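Engineer: So the sequence lines, in the order shown, correspond to chains L and Z. Residue numbers for the first sequence follow the working numbering, so the first one is 40 and each next one is one higher. Residue numbers for the second sequence follow the working numbering, so the first one is 40 and each next one is one higher.
Heads up, some of the hints might be wrong.
Said to hold, decoys possible - Below, in silico cross-link-like pairs of lysine-lysine (DSS-like), each with a Cα-Cα straight-line distance of 30 angstroms or less: (1) Z:403 x L:264; (2) L:161 x Z:257; (3) Z:42 x L:257; (4) L:266 x Z:41; (5) L:254 x Z:263; (6) Z:394 x L:257; (7) Z:245 x Z:41; (8) Z:307 x L:126; (9) Z:169 x L:364; (10) Z:254 x L:266; (11) L:267 x Z:136; (12) L:254 x Z:41; (13) L:254 x Z:350; (14) L:257 x Z:350; (15) Z:169 x L:264; (16) Z:160 x L:267; (17) Z:126 x L:263; (18) L:257 x Z:248; (19) L:267 x Z:126; (20) L:254 x Z:169; (21) L:136 x Z:366; (22) Z:350 x L:364; (23) Z:41 x L:267; (24) L:347 x Z:245; (25) L:136 x Z:347; (26) Z:264 x L:257; (27) Z:267 x L:347; (28) Z:118 x L:263; (29) L:248 x Z:254; (30) Z:254 x L:257; (31) L:257 x Z:364; (32) Z:85 x L:264; (33) Z:263 x L:136; (34) Z:347 x L:254; (35) Z:118 x L:264; (36) Z:394 x L:126; (37) L:136 x Z:245; (38) L:264 x Z:126; (39) L:364 x Z:118; (40) Z:126 x L:136.
Hints are computed from structural coordinates only; laboratory data are not their basis. The model shown is predicted, which means the values in this text are computed figures rather than measured ones.
2 protein chains.
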Amino acid sequence: MKKEYLYTPGPVTVPQEVLLKLAEPMYHHRTPRFREMFAEVTQKLKTVFRTENDLLTFTSSGTGAMEASFVNFLSPGDKVITVNGGKFGERWTNLAKTYGVEFDEITLEWGTAPNPDDIAKKLADDPSIKAVYTELTETSTGTVYDIEAIGKVVAATDAILVVDAVSGIGADDIHVDAWNVDICVAGSQKAFMIPPGLAFLSISEKAWKLAETSKIPKFYFDVKKAKKSIANNDTTFTPAHTLIGALNVSLSMIIDEGVDAVIARHAKLADAVRAGALALGLTLYSSSPSNALTAIVFDGIDAEQLRKHLKAEGISVAGGQNEAKGKIIRVAMMGYANEADVMNALSVLERSLNKMGVEIEPGKSLAAAQASLMK
Amino acid sequence: MKKEYLYTPGPVTVPQEVLLKLAEPMYHHRTPRFREMFAEVTQKLKTVFRTENDLLTFTSSGTGAMEASFVNFLSPGDKVITVNGGKFGERWTNLAKTYGVEFDEITLEWGTAPNPDDIAKKLADDPSIKAVYTELTETSTGTVYDIEAIGKVVAATDAILVVDAVSGIGADDIHVDAWNVDICVAGSQKAFMIPPGLAFLSISEKAWKLAETSKIPKFYFDVKKAKKSIANNDTTFTPAHTLIGALNVSLSMIIDEGVDAVIARHAKLADAVRAGALALGLTLYSSSPSNALTAIVFDGIDAEQLRKHLKAEGISVAGGQNEAKGKIIRVAMMGYANEADVMNALSVLERSLNKMGVEIEPGKSLAAAQASLMK
Chain L
40 MKKEYLYTPG
50 PVTVPQEVLL
60 KLAEPMYHHR
70 TPRFREMFAE
80 VTQKLKTVFR
90 TENDLLTFTS
100 SGTGAMEASF
110 VNFLSPGDKV
120 ITVNGGKFGE
130 RWTNLAKTYG
140 VEFDEITLEW
150 GTAPNPDDIA
160 KKLADDPSIK
170 AVYTELTETS
180 TGTVYDIEAI
190 GKVVAATDAI
200 LVVDAVSGIG
210 ADDIHVDAWN
220 VDICVAGSQK
230 AFMIPPGLAF
240 LSISEKAWKL
250 AETSKIPKFY
260 FDVKKAKKSI
270 ANNDTTFTPA
280 HTLIGALNVS
290 LSMIIDEGVD
300 AVIARHAKLA
310 DAVRAGALAL
320 GLTLYSSSPS
330 NALTAIVFDG
340 IDAEQLRKHL
350 KAEGISVAGG
360 QNEAKGKIIR
370 VAMMGYANEA
380 DVMNALSVLE
390 RSLNKMGVEI
400 EPGKSLAAAQ
410 ASLMK
Chain Z
40 MKKEYLYTPG
50 PVTVPQEVLL
60 KLAEPMYHHR
70 TPRFREMFAE
80 VTQKLKTVFR
90 TENDLLTFTS
100 SGTGAMEASF
110 VNFLSPGDKV
120 ITVNGGKFGE
130 RWTNLAKTYG
140 VEFDEITLEW
150 GTAPNPDDIA
160 KKLADDPSIK
170 AVYTELTETS
180 TGTVYDIEAI
190 GKVVAATDAI
200 LVVDAVSGIG
210 ADDIHVDAWN
220 VDICVAGSQK
230 AFMIPPGLAF
240 LSISEKAWKL
250 AETSKIPKFY
260 FDVKKAKKSI
270 ANNDTTFTPA
280 HTLIGALNVS
290 LSMIIDEGVD
300 AVIARHAKLA
310 DAVRAGALAL
320 GLTLYSSSPS
330 NALTAIVFDG
340 IDAEQLRKHL
350 KAEGISVAGG
360 QNEAKGKIIR
370 VAMMGYANEA
380 DVMNALSVLE
390 RSLNKMGVEI
400 EPGKSLAAAQ
410 ASLMK
């Protein structure tokens, strides 16, 4: 008997009641049955996004919604700011390169968050800047950005603020309307607790105005067509409607718990993981650690080797990417996670380090995590 | 007790063993487990496509793969032929309009197939034409096109042949390599018998050469990036990997039955449906009827009203679109369908027409279908 535990920053464990929804008999999507369900899902997504803006669903990975947030709002030659603090922020810059958009890239040391003042300065220096593209949570480094502060800065200008919250939303706090986020991008396989295949984006009035002038061509990811379709609770092209049905179940779980309570649970579990890691003398990779995942640095220990030991005990975590490869592991208590998962992850971590010859005081990280949970 | 039967031209009934696969615990996609499975799926898809060309999978509806077959191979100002015989052929023309590609559109009367000679003439008249975009099966009219003949015509030129086989493949015959189809596009929710969310395309050497010169920008649907990824049995962006796992099961069912046998079964069932409809004095909408679905014309009967009667008895079929709305129903025996489904559909059709005041000799269509099945 070997139990498997998925502590990767997406995909995450899908609750049994959601999995069973996926096993229901097939039905057609151009029906009142689908439209009524999709209307519910859209409303519930708005509750999690904390927005009254339009909210669109595409059948794609999160990157599809990133592309939608780019091609529908810009024209070749437009200028944008991109915040590149890791693999996912870098994607904004790559989108700009692909679509002939000029970019002023804020390149961050991995594991750090952007200074909102730097964004303010760039926007003041060049009022022609059309948009600021940033992460909520940079998954490659486990870093959360101060979107509330960035939102204040951008709202004072003509530019729109576009936030990739794919791996952050539902774990790290975001208030789309209150924080002036014009476009917020999300994906299904993270805190939403369903398999990959759906992407979402919210669009403010300010962003819709910018869309009027956009000249980059688009077809599958056309948000204007999608807006017309969703007015009838429908999608322009065939949706992955069984995933949307599963999402309806998981969103009910989130809303029954309460969005604030879900965020608080993520904060509590992430705190406990961090306390456990620090108790073992390990350090955190990020100076602004996210609730969605914790990146832990292993000096003098091959983190990829450690991952293999964890995997042998049934625990899947992510490794480091690019410059962080072999140096860190990324542990996510995301979505369907509780205190048992924290204890499980830390206890296997202790035993794995012990197997690798590291001197470990048995239970030290567990005691620290427990103290954190008792706070 | 009311049983539901899905006889729409996609989505189709998903076999129980495939549904249960979707209810399995979540796992991570950047793992040997996924890559080994994805390698199998790609190989099995090639078997169904009857191709040794590259075969790529995208997380999107079929339209996403249509977009991929367009934006990766053309540049603004290029000229193409589009075959528009209904709602789906029209999509090729709309793609051309969106991406600034010149198009010479062959507009067909709905329900008819293109004459390969017309395509040959256009290609001879203008050797600068880069590609011919057509359907295998035009779903809005239930019409199958002679791709083998069109393939011969296009292969003799520098143009590539791109075939939308989304609702045709696995029901209507197509031999991608033998018939010189440079790009073949397909989707998951048709004869592949899984839910919507995945799209596929095969790409020939001739098409890859054309891709070298393409200047339309692309990101999510970039086939060159996808080709690099699939060399490691991976995808560029997070795939809907649980759907790919389900596809592995349904593809095994198809290959165990045999691709030729699957096509023959579709032909046999479609023949029986047609025989039943003709026995009731009804006519077929298409002069080149597809095995994937049968479009039946109802003169003097409101086809949308009839659909409601069928639905009340648990049977879902598609109605007509655009000019065919209210005039036809489209009945698909696609994927997981057998003789019982034919008998069920025709018997409910007889009873529904009877309820609508049409004089029906009880069992007449059933006898005709039975005779067809006994042939």
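Engineer: Run every hint past the structure and note whether it holds.
Structural biologist: Quick rundown of the hints versus the structure:
| no. | hint | verdict |
| --- | --- | --- |
| 1 | Z:403 x L:264 | 46 angstroms, violated |
| 2 | L:161 x Z:257 | 28 angstroms, holds |
| 3 | Z:42 x L:257 | 41 angstroms, violated |
| 4 | L:266 x Z:41 | 36 angstroms, violated |
| 5 | L:254 x Z:263 | 24 angstroms, holds |
| 6 | Z:394 x L:257 | 47 angstroms, violated |
| 7 | Z:245 x Z:41 | 52 angstroms, violated |
| 8 | Z:307 x L:126 | 53 angstroms, violated |
| 9 | Z:169 x L:364 | 44 angstroms, violated |
| 10 | Z:254 x L:266 | 29 angstroms, holds |
| 11 | L:267 x Z:136 | 20 angstroms, holds |
| 12 | L:254 x Z:41 | 51 angstroms, violated |
| 13 | L:254 x Z:350 | 44 angstroms, violated |
| 14 | L:257 x Z:350 | 37 angstroms, violated |
| 15 | Z:169 x L:264 | 28 angstroms, holds |
| 16 | Z:160 x L:267 | 40 angstroms, violated |
| 17 | Z:126 x L:263 | 20 angstroms, holds |
| 18 | L:257 x Z:248 | 24 angstroms, holds |
| 19 | L:267 x Z:126 | 18 angstroms, holds |
| 20 | L:254 x Z:169 | 25 angstroms, holds |
| 21 | L:136 x Z:366 | 49 angstroms, violated |
| 22 | Z:350 x L:364 | 56 angstroms, violated |
| 23 | Z:41 x L:267 | 34 angstroms, violated |
| 24 | L:347 x Z:245 | 43 angstroms, violated |
| 25 | L:136 x Z:347 | 51 angstroms, violated |
| 26 | Z:264 x L:257 | 19 angstroms, holds |
| 27 | Z:267 x L:347 | 26 angstroms, holds |
| 28 | Z:118 x L:263 | 27 angstroms, holds |
| 29 | L:248 x Z:254 | 28 angstroms, holds |
| 30 | Z:254 x L:257 | 14 angstroms, holds |
| 31 | L:257 x Z:364 | 29 angstroms, holds |
| 32 | Z:85 x L:264 | 33 angstroms, violated |
| 33 | Z:263 x L:136 | 16 angstroms, holds |
| 34 | Z:347 x L:254 | 43 angstroms, violated |
| 35 | Z:118 x L:264 | 26 angstroms, holds |
| 36 | Z:394 x L:126 | 63 angstroms, violated |
| 37 | L:136 x Z:245 | 28 angstroms, holds |
| 38 | L:264 x Z:126 | 16 angstroms, holds |
| 39 | L:364 x Z:118 | 47 angstroms, violated |
| 40 | Z:126 x L:136 | 34 angstroms, violated |
In this structure, the hints that do not hold are numbers 1, 3, 4, 6, 7, 8, 9, 12, 13, 14, 16, 21, 22, 23, 24, 25, 32, 34, 36, 39, 40, in rising order.
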